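A.B. asks: So you can see what is in the structure, the chains are spelled out below.
There are 2 protein chains.
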Amino acid sequence: MKVIVIGGVAGGPSFATRLRRLNEQAEILLIERGDYISYASCALPYYLGDVITDLDSLVERTPEVFKSKNNIDVLVRHEVTAIDPATKSVTVKNLTTGEVFQEKYDKLVLSTGTRALLPPIKGIETVANGRVLRNVTDAARIKSFIATQRPKKATVIGAGPAGLELAENLHALGMTVTVVDQLTQVAFPYDPELAAIVEAHLTEKGLKLLLGKTVVEIQDAGQTLRLNDGTVLPTDLLIFATGVRPNSELAATAGLKLATNRRIIVDEKLATSAPDIYAIGDVIETKSYITGLAVPSLLASAANRQGHLLADIINGADWTYHGYIGTGIAKIFDLTVSFVGYTEHMLKAAGITNYKTILITPFDHSYFYPDAKRLNLKLIFEVETGKILGAQAVGERGVDKRIGELSTAITGRLTVFDLPNLELPYSPPYSTTRDPINTAGYVAINQLKRTALTIKVSDIPTTDFATAFFLDIREADRPTMGTVKATKNIPLSELRERLAEIPMERKVYITFRKGLNPYNAARILAGNGIEAVLIEE
Amino acid sequence: MKVIVIGGVAGGPSFATRLRRLNEQAEILLIERGDYISYASCALPYYLGDVITDLDSLVERTPEVFKSKNNIDVLVRHEVTAIDPATKSVTVKNLTTGEVFQEKYDKLVLSTGTRALLPPIKGIETVANGRVLRNVTDAARIKSFIATQRPKKATVIGAGPAGLELAENLHALGMTVTVVDQLTQVAFPYDPELAAIVEAHLTEKGLKLLLGKTVVEIQDAGQTLRLNDGTVLPTDLLIFATGVRPNSELAATAGLKLATNRRIIVDEKLATSAPDIYAIGDVIETKSYITGLAVPSLLASAANRQGHLLADIINGADWTYHGYIGTGIAKIFDLTVSFVGYTEHMLKAAGITNYKTILITPFDHSYFYPDAKRLNLKLIFEVETGKILGAQAVGERGVDKRIGELSTAITGRLTVFDLPNLELPYSPPYSTTRDPINTAGYVAINQLKRTALTIKVSDIPTTDFATAFFLDIREADRPTMGTVKATKNIPLSELRERLAEIPMERKVYITFRKGLNPYNAARILAGNGIEAVLIEE
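Chains as they are written, first to last, in full-length UniProt numbering: chain A, 1 to 537; chain B, 1 to 537.
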């Protein structure tokens, strides 16, 4: 059996090494267009920021080691320019010599990943002071640029998690960093209420954020940016973190079926529409484990696991890929942000509407043990069934743990009704007797059983005006709103500390305010066992 | 409905407050023998060690707050001396005044917990310099003893996790701490190979461990201990952490059905054998969620959840307790030790033998990102089905997360075959592209599929003596053992760094050595994709 693998970053090497462990006889050839294989692309920002100083440490195995230790042939700086499914052969071009040759395969694995998606900005092709950080070669080049040019002002275009990791690392080098994004929030696809926490933290750390703005023209070889609001932004270093596009042109030309997002469609055996051609990693569209809907595969760790699984499948195991969940995490200064499954942004894009959400802010561990920090945990679940659709968390401690546990819960097909039963490790330095996940379950169940979270003024029972507690959550300096007279004002910012002022025995309404604040107030109250009703006006 | 709750530490208050939230009309009376209710007993060692300085912060709610905020009547320093299921009444004694009175109930909840189990050592009743740390009163008393007597030498009897937490906190105060245990390992019920790691750490931190030894006599009001090996141990402070026994005498006298371990037997509604009497927390015997066998409930967090659930059940919800998993965690100096489900010690006690184990030592996060530490992760699973029976982990980072994830996996009825599929949050500061849990799954699957892990010399195929690689893992200064000539010596301590010297293409045997070392070597190799066979002699 001769197996050719195209693409050597994450899924490809994982596949090839696993196949070798399973099968000593297979002939395995790995072809990579770039200079390096098997490296940790997620770690590149930390190399820029001097958190990781040895670039070689990011390369797990060299082509030489692949040959000597795993008996896998590797061609770097070689590009596959065509696939012929009929003759089961590929055309390979040596990018150094220009030589072109054919290779036959019995099985072909596409692990071609993605490349940077650059916005069509006037002058972008002239940028000489940075551009993108996608691979080891980019990292070495930018590092060298920083060492020799000593940029003082850096600009990152794109405030997604990847852009923010970059921004933090440039900031760590002492640069003044500006982040520009066309969206009005950072950290997309996280939802706005969590992004707002990240945004406040970034500002506090000294990053300049220009949100809801686009670069319309690049001048001076990247040193001057003109924004859509007229701002002229000078910069010494310019990096785009504006998303990716799949490297699927080769597959398209060979006639493989692509999704509308240009990703290669695979079945549960990770097989493409062409016989004996498989695909793994960021270039594929697969099925969501949660909803069964088509979703792109977007994570190096997923690529790794798909590679491992595919080796078993090609070697004859009757296993199937169970679908993609999607779990992301990023360290952003002192915060950890992490999500699993769908965010509300993603649900909206998928047209899913029958869900509810909760947001709780418990301590990550016992408040009386040192360094307890508030965790912001949002859970999204299906109405009626309580099926967990997704979760997001932001905080200084215990974020990765909770999202890991919720991802495991999703894999186990648990619902919010199961979350109170989870027996998570408790001792004061690690958790609370009721872990945040247990609390999230309790609050979600309350939310599902509640008939009305919001009420119109006209629907409030008349007797309630005499007996209920009407809470006004505006900050001291803000104007009152709405028509219902409040019993008491407790600013949202003080609510958690002043919970004792809310009578447990009375029905609680929150008087009208615009925006998310009443919702957040209700969530804080719900997290503390108080089920408040929001007044809509 | 009048509901009486006996016992006010963990499960009782959780039950009472939840019932009040569900039901404004119920009359709720909580009776506690001690001075305090609703406190964090797990935090008491940290109060001794000055990690937590405010004892009041450990008391979540006072009786006054219970009354004013939750409308729950509380009697502290009152003991229930008898239950009469026929008349549905209890006899209560005011421990301050001696007054005795009756209270009627519609529903009775026993949350009486456990008390310290003191070994029958001659002179133990004379101890005046410590004794046990079970409640807030004990903590205040020992703290005061330390402040006034300034003990220099402390002895903790019992090297279980609770004893070790105590020892660490006394050590933090500058005392010379000795820990004595009759077992030959620390941290029971953790298995020996993990306990050995903890033991080495404790010794490194300067604790003196006397294992496999018992105290046979206590003299000088606790200041002199005579051990079974003749050692005379002087000590200024003496604390017993020698386990607990259930406070079930009251239940026994009332005719409630007890298990042989003296715990109260409850059904899936948390009901005892007597009508309208329920029990929760450490005093009950319940069913294992994992095996269905009877197990004691041993955790404050489980008590808390049982209390919450029982309130729903008594209020009419048709819910059931899904069984006890058992998840423990302790911080021991720089290490975190945590387990979920069964350890091998527990499996042996339960008579379960059809299981396999793996022990892996991966990095908790990417080795190239700062502060990566080795995690020691043991997984125990059923032969054939791969059902997860338990897990244990020891390390400096990421221990709580992995055990929390595995506990969630157990709740979701996942098997080791599912573990490679878990999508756990990956970014270099938090994990590796293949998380330790994924790796544990891969290794466990390999283990299940392996026909023989060990082989007798006589069963080794003759041809293998010419072609296989026989690895000798003794340290440089140790004698050779066994009859099979080794191909190469790589000391176990260097094995991980010298893996490249083991030829992937040859069958690997590990030559005979006594004890756990060959097993550990095989686990290291398995974690790196090398399936070695142990030679038995």
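Read the hints as simulated data drawn from the structure, not as lab findings. One or more of the hints may lead you astray.
[Stated by the list, open to error] With a straight-line Cα cutoff of 25 Å, these simulated DSS-like cross-link-like pairs (lysine-lysine) come out:
| hint | chain 1 | residue 1 | chain 2 | residue 2 |
| --- | --- | --- | --- | --- |
| 1 | A | Lys69 | B | Lys488 |
| 2 | B | Lys387 | A | Lys387 |
| 3 | B | Lys104 | B | Lys152 |
| 4 | B | Lys488 | A | Lys488 |
| 5 | A | Lys67 | B | Lys269 |
| 6 | B | Lys449 | A | Lys507 |
| 7 | A | Lys69 | B | Lys152 |
| 8 | B | Lys449 | A | Lys269 |
| 9 | A | Lys67 | A | Lys104 |
| 10 | A | Lys348 | A | Lys93 |
| 11 | B | Lys387 | A | Lys507 |
| 12 | A | Lys2 | A | Lys93 |
| 13 | A | Lys2 | A | Lys387 |
| 14 | B | Lys269 | B | Lys2 |
| 15 | B | Lys153 | B | Lys67 |
Since we're looking at a predicted model, the values are computed, not measured.
A.B. asks: For each hint, tell me whether it holds in the structure or not.
C.D. replies: Do the hints match the structure? See the list:
As the CA atoms of lysine 69(A) and lysine 488(B) are separated by approximately 18 Å, the hinted pair is consistent with the 25 Å bound. About 24 Å separates the Cα atoms of lysine 387(B) and lysine 387(A), which keeps this hinted pair within 25 Å; it holds. Proposed proximity of lysine 104(B) and lysine 152(B) is contradicted: the alpha carbons are some 52 Å apart, above 25 Å. Between lysine 488(B) and lysine 488(A) the CA atoms are separated by roughly 80 Å; this puts the pair beyond 25 Å, and the hint is violated.
Straight-line distance between C-alpha atoms of lysine 67(A) and lysine 269(B) comes to about 62 Å, which puts the hinted pair past the 25 Å bound. At most 25 Å may separate the alpha-carbon atoms for a hinted pair to count; lysine 449(B) and lysine 507(A) exceed this at roughly 60 Å. For the given pair, lysine 69(A) sits about 57 Å from lysine 152(B) by alpha-carbon distance, which is inconsistent with the 25 Å threshold. For the given pair, lysine 449(B) sits about 22 Å from lysine 269(A) by alpha-carbon distance, which is consistent with the 25 Å threshold.
Restraint check: the Cα-Cα separation between lysine 67(A) and lysine 104(A) comes to about 20 Å, which is no more than 25 Å; the hinted pair holds. Among the hinted pairs, lysine 348(A) with lysine 93(A) is inconsistent with the structure: their alpha-carbon atoms are about 43 Å apart, more than 25 Å. Using a Cα cut-off of 25 Å, the hinted pair lysine 387(B) and lysine 507(A) is violated, with the two alpha carbons roughly 47 Å apart. At roughly 19 Å between alpha-carbon atoms, lysine 2(A) and lysine 93(A) fall within 25 Å of each other, so this suggested pair holds.
Taken as a hint, the lysine 2(A) and lysine 387(A) pair is broken in the structure, with Cα atoms around 44 Å apart against an allowance of 25 Å. Distance restraint check for lysine 269(B) and lysine 2(B): the Cα-Cα separation of roughly 19 Å lies within the 25 Å cut-off, and the hinted pair is therefore satisfied. Distance check on the hinted pair: lysine 153(B) and lysine 67(B) sit about 44 Å apart at the alpha-carbon level, beyond 25 Å; violated.
Of the numbered hints listed earlier, those contradicted by the structure are 3, 4, 5, 6, 7, 10, 11, 13 and 15.
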